[in-house]
Amino acid sequence: DIDFCYERRGEVIDYVIEKYGADKVAQIITFGTLKAKAVIRDVGRVIGMPYGEVDKIAKMVPNELNIDLSSALKKSAELRAARDGDARVKELLDIAADLEGLRRNAGTHAAGVVITRDRLDEYVPLYASDKGVSTQFTMTTIEELGLLKMDFLGLRNLTVIQDALVEAEKNHGVKIDFSTGKYDDPEVFRLIGNGNTDGVFQL
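In our numbering, the protein residues as written are 1 to 203.
These are computed hints drawn from the structure, not numbers from a lab. Computed from a predicted model, the values in this text were never measured in an experiment.
Once the Cα atoms are required to be at most 30 Å apart in a straight line, the calculated DSSO-like pairs of lysine-lysine come out as: (1) Lys90 - Lys37; (2) Lys59 - Lys35; (3) Lys56 - Lys37; (4) Lys90 - Lys35; (5) Lys35 - Lys74; (6) Lys35 - Lys149; (7) Lys35 - Lys131; (8) Lys90 - Lys59; (9) Lys182 - Lys170; (10) Lys149 - Lys131; (11) Lys74 - Lys37; (12) Lys56 - Lys74; (13) Lys59 - Lys74; (14) Lys56 - Lys90; (15) Lys131 - Lys24; (16) Lys149 - Lys24; (17) Lys131 - Lys19; (18) Lys37 - Lys59; (19) Lys74 - Lys90.
Have a look at the derived ranges for each label pair, beta carbon to beta carbon: (20) Gly193 - Glu169: 22 to 32 Å; (21) Arg190 - Ser129: 49 to 59 Å; (22) Ala38 - Thr141: 23 to 33 Å; (23) Ile47 - Asp163: 46 to 56 Å.
Each residue gets a CB set at the ideal place from its N, CA and C atoms; glycine is no exception.
Take the sequences, apply the hints, and build the full model.
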């Protein structure tokens, strides 16, 4: 894993492509799946139910991370009542339950980049989209194949720090260069030792 300024991550990928070759570097595919609320909305649209009615049913699913329809029906009396009181809603939920969890769309992994010694297509199938070429295998399969997977993560925090350095020099004439900084500043250790680390994700 390597973290970069959010706005310059693309430059790093371009550099790697230039260094190793466009036929040896690709981003990694990721798949969006049909979650409880989304599958209700998609099925409702396909079977021709009015949007407002479908939206009302979807909103009966409790707002819990990764909740499935089976759990939603156990937890929401309102959803159960809608299903039991209307044959169309029952049909909607039955079809939605069959489709829930299926892959809905392909996207690009937020950070993953694979680099191969020989041409990529000798190792993995490729997927071309308007955003470029990615692997058709997901991150876990890429790792299982023993291929080199790098995580080039774009972090907004690094962009904020870079912007702050530019502003400090522009407004106060102070040039800060972290590459020449020391790693034994007692004030830093005092700050951390006091536990003043709320909101600090990486250290």
